[in-house]
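Student: Generate coordinates for the entire structure from the input sequences, incorporating the hints supplied.
Chain by chain, the residues:
There are 2 protein chains.
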Amino acid sequence: MAGLSSYQLSNVKYAMKNLLETPVAILELDQFERNLVKLQRYLDAHGIANRPHIKTHKIPEIARMQIEHGAVGITCQKLGEAEVMADAGITDIFLPYNILGEQKLARLVALTKRVKMSVTADSAVTVHGLSAAMQHAGLELETLVEFDTGAQRCGVQTPAAAAELARLIAHSPGLHFGGLMTFPCNANTDPFVLAVRELLHPDGIAVQRISGGGTARMWHAHEHKTITEYRSGMYIYGDRNTLINNAMSLDEIAFKVICTVVSRPTADRGILDGGSKTFSSDASLKDGHGLILEYPEARFYGMSEEHGHVDFSACPARPQIGERVTVIPNHCCPVSNLFNEIIGVRSEQVEQVWRVAARGLLT
Amino acid sequence: MAGLSSYQLSNVKYAMKNLLETPVAILELDQFERNLVKLQRYLDAHGIANRPHIKTHKIPEIARMQIEHGAVGITCQKLGEAEVMADAGITDIFLPYNILGEQKLARLVALTKRVKMSVTADSAVTVHGLSAAMQHAGLELETLVEFDTGAQRCGVQTPAAAAELARLIAHSPGLHFGGLMTFPCNANTDPFVLAVRELLHPDGIAVQRISGGGTARMWHAHEHKTITEYRSGMYIYGDRNTLINNAMSLDEIAFKVICTVVSRPTADRGILDGGSKTFSSDASLKDGHGLILEYPEARFYGMSEEHGHVDFSACPARPQIGERVTVIPNHCCPVSNLFNEIIGVRSEQVEQVWRVAARGLLT
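Respectively, the protein sequence lines represent chains A and B.
19 is the number of the first residue of the first sequence in our numbering; add one for each residue after it.
19 is the number of the first residue of the second sequence in our numbering; add one for each residue after it.
The set of hints was computed from the structure by calculation and includes no laboratory data.
Check the hints yourself; a few may be wrong.
Label pairs and their computed distance ranges (CB to CB) [what the hints assert, rightly or not]:
id, chain 1, residue 1, chain 2, residue 2, range
1, A, 369, B, 169, 38 to 44 Å
2, A, 306, B, 169, 15 to 21 Å
3, A, 107, B, 306, 37 to 43 Å
4, A, 284, B, 315, 42 to 48 Å
5, A, 284, B, 64, 31 to 37 Å
6, A, 369, B, 37, 40 to 46 Å
7, B, 182, A, 170, 54 to 60 Å
8, B, 51, A, 263, 48 to 54 Å
9, A, 170, B, 79, 39 to 45 Å
Simulated pairs of lysine-lysine, DSS-like, Cα-Cα distance not exceeding 30 Å [to be verified]:
id, chain 1, residue 1, chain 2, residue 2
10, B, 56, B, 35
11, A, 35, B, 131
12, B, 56, B, 243
13, A, 131, B, 35
14, A, 243, A, 56
15, A, 56, A, 35
16, B, 134, B, 243
17, B, 56, B, 134
18, B, 134, A, 304
Counterexamples of contact, computed for chain A against chain B with all Cβ distances above 12 Å [stated by the list, open to error]:
id, residue
19, 157
20, 189
21, 192
22, 221
23, 263
Quick caveat: nothing in here was measured; it's all calculated off a predicted structure.
Here a beta-carbon is modelled for each residue, glycine too, at the ideal position from N, C-alpha and C.
Tutor: In structure tokens form, the structure reads like this:
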């Protein structure tokens, strides 16, 4: 528990879960451990490598558990996260991000010297920067081409552009072409990959590693015949999104936020002690900010920074002031990112306090 | 810079602002200092006490500057914030929150022993808890009644309910009735206060302290004749909301986030290295997630966790990959809450690195 302030420790001096001060983010360890196993077994059964995305938890201890359960390595989204995870003994890190600029390239070189790194690029600018840095350091970095399957974020737009960038990588000193990466996996994925393979065949450039991802459709990973590895973040925690997407059942959701009802200003309205600085303002679901387990008919309709605004009018009973409620957030990733620590509980007892060590490392 | 990790320090080893790694949150110190002075002078001129809300910055050094400039004390929203600020030498702290539960009341007692605390209540449950804790500790706590002027968050609904709760406070051992508190100030504020005063007049209970707040209408504070103190958070930083509300001009915005364009997947689209974990998903403005100063016609239309999605189609020129852009976020409070440190710059040079010491202290 080194590194926790006295305020944070005040959360954990009581061993019973129901004495934790609120708002508190808890992880139900029995279910969390079942979640760790379930996706690993599924991917193993289909010969797909599991490369979990640590953006969900940002906790080195959990990353190590994922590796112990059979993950080939992890996925990070920022250099700072990769540095924390390398410090924690993770030896295979995929950073599917365009790394640009002298300082970031120097940090990537330092990481590549100590762990097996791989990255993505979607432009010649990124490839030239990576190549110059790695060549200068006498290293060789596995570089994948990111392609866009419809998310309209990063990624080359056509198989021809992907093939052109793959050729550039293959011929760039300090780099070797690793394959292709996309998010999310959908009906466009296999045709795109096959088209790139065909375009690169005459060049003798193999397209080996195909990295797909997305928790919403994780149980469909095997339907994408070209995928060789899968990146899911949320499978260990779960949230209202994974529930609505039928990716996880209600029983499988292991990550919850306990709040206290601090005000009942009207007969229908209740105010929780967690708002947008607890639940984030993630807008992925339009019908409320979370599911309140004790009052499933309640509508968590609004938030200010430190207050949650709930309409209990549809509920047969209403909560008392001071009552605790358990919330499944819409999206667990930005929520765990707002907490300094996550409390692991088993049989209503606190068993673990994990510091969210890689949170806030935005560069 | 104690407490900063090596990753965080990598941000500041370059003295020039334009060498800071992105995404980075900067505070332009010349303007920040002018903002500190401007609201203080305005409130002084109208005989209204300035009690800034530290939720915006969560930085003890800035709280101390606000006191040095004439603030009577500060406002915190959580006990954890108040504890950090008390540790930093702030001696007058208002916590306008219903404090409930044994552990939180014990922490409030500990705070009340060392600094001048005041709190709010909007229910008899809260008042009974405060009274029992303070009486047991031999303390007397100034307690205000929160009333609802239309924000529909916490707060009693009618002047009669406010008067009843004020009487309960006045007669509760360990407490004394301080006055009334609301957010935001609007046309309902004065009539509500005057009605409560009239109701309490026969009881001989004075309604002295009237605490109003809200940055959007801070320059109208003096129009509310009953207000004796004002709580603003954002006046020191500014954001796209304060700009749109005409509470601050573009030149007065001191808080900005510098990002790098990491991808240009199409002719129109540009991707920044900051997404919802940098800018939050604050939905207070519907037309985009921030104003890009170098490309004011650009539309910051989407975000994933670590990528910002920008449409540059309306811009006369488009950015290159690797180019840096300066973003004024929609709402500065949840943004500064996502960073571990804020970088103070003057004349393009780094002058300060302030740790956001009270962030993540949700209880």
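Student: Confirm or reject each hint.
Tutor: Hint-by-hint comparison with the structure:
Checked against the hint of 38 to 44 Å, the pair residue 369 (chain A) and residue 169 (chain B) passes, with Cβ atoms roughly 40 Å apart. For the pair residue 306 (chain A) and residue 169 (chain B), the supplied restraint of 15 to 21 Å holds, since their beta-carbon distance comes to about 19 Å. Between residue 107 (chain A) and residue 306 (chain B) the beta carbon distance is about 42 Å. The supplied range of 37 to 43 Å therefore holds. Residue 284 (chain A) and residue 315 (chain B) have their C-beta atoms about 45 Å apart, which keeps the hinted 42 to 48 Å range intact.
Separation of residue 284 (chain A) from residue 64 (chain B) is about 34 Å and conforms to the stated range, judged on CB atoms against 31 to 37 Å. At roughly 45 Å, the beta-carbon separation of residue 369 (chain A) and residue 37 (chain B) lies within the given 40 to 46 Å, and the hint holds. With their beta carbons about 56 Å apart, residue 182 (chain B) and residue 170 (chain A) fall inside the hinted range of 54 to 60 Å. Against the hinted window of 48 to 54 Å, the Cβ-Cβ separation of residue 51 (chain B) and residue 263 (chain A) comes to about 49 Å, which satisfies the hint.
Range check, residue 170 (chain A) to residue 79 (chain B): Cβ separation about 42 Å, and the 39 to 45 Å hint holds. Proximity of residue 56 (chain B) to residue 35 (chain B) is assessed by CA-CA distance (about 26 Å); at most 30 Å being required, the pair is judged to hold. With a C-alpha separation of about 29 Å, the suggested pair residue 35 (chain A) and residue 131 (chain B) falls inside the 30 Å cut-off, and the hint holds. Distance hint between residue 56 (chain B) and residue 243 (chain B) is fulfilled; the C-alpha atoms sit about 21 Å from each other, no more than 30 Å.
About 29 Å separates the Cα atoms of residue 131 (chain A) and residue 35 (chain B), which keeps this hinted pair within 30 Å; it holds. Distance hint between residue 243 (chain A) and residue 56 (chain A) is fulfilled; the C-alpha atoms sit about 21 Å from each other, no more than 30 Å. For the hint linking residue 56 (chain A) to residue 35 (chain A), the alpha-carbon distance of about 26 Å falls within 30 Å, and the restraint holds. Using a Cα cut-off of 30 Å, the hinted pair residue 134 (chain B) and residue 243 (chain B) holds, with the two alpha carbons roughly 26 Å apart.
Note on residue 56 (chain B) and residue 134 (chain B): the hinted pairing holds, with a Cα-Cα distance of about 26 Å set against a maximum of 30 Å. For a cut-off of 30 Å, the pair hint linking residue 134 (chain B) to residue 304 (chain A) is broken: about 42 Å separates their Cα positions. Separation of residue 157 (chain A) from chain B is adequate, the least Cβ-Cβ distance of about 20 Å exceeding the 12 Å criterion. For residue 189 (chain A), the requirement that its beta carbon stay farther than 12 Å from each beta carbon of chain B is met, with the minimum near 20 Å.
Every beta carbon of chain B lies more than 12 Å from that of residue 192 (chain A), the smallest distance being close to 18 Å; the non-interface claim holds. Listed as outside the interface, residue 221 (chain A) is consistent with that label: its C-beta sits roughly 23 Å from the nearest C-beta of chain B, beyond the 12 Å cut-off. Every beta carbon of chain B lies more than 12 Å from that of residue 263 (chain A), the smallest distance being close to 17 Å; the non-interface claim holds.
Hint violations for this structure: number 18 only, all remaining hints satisfied.
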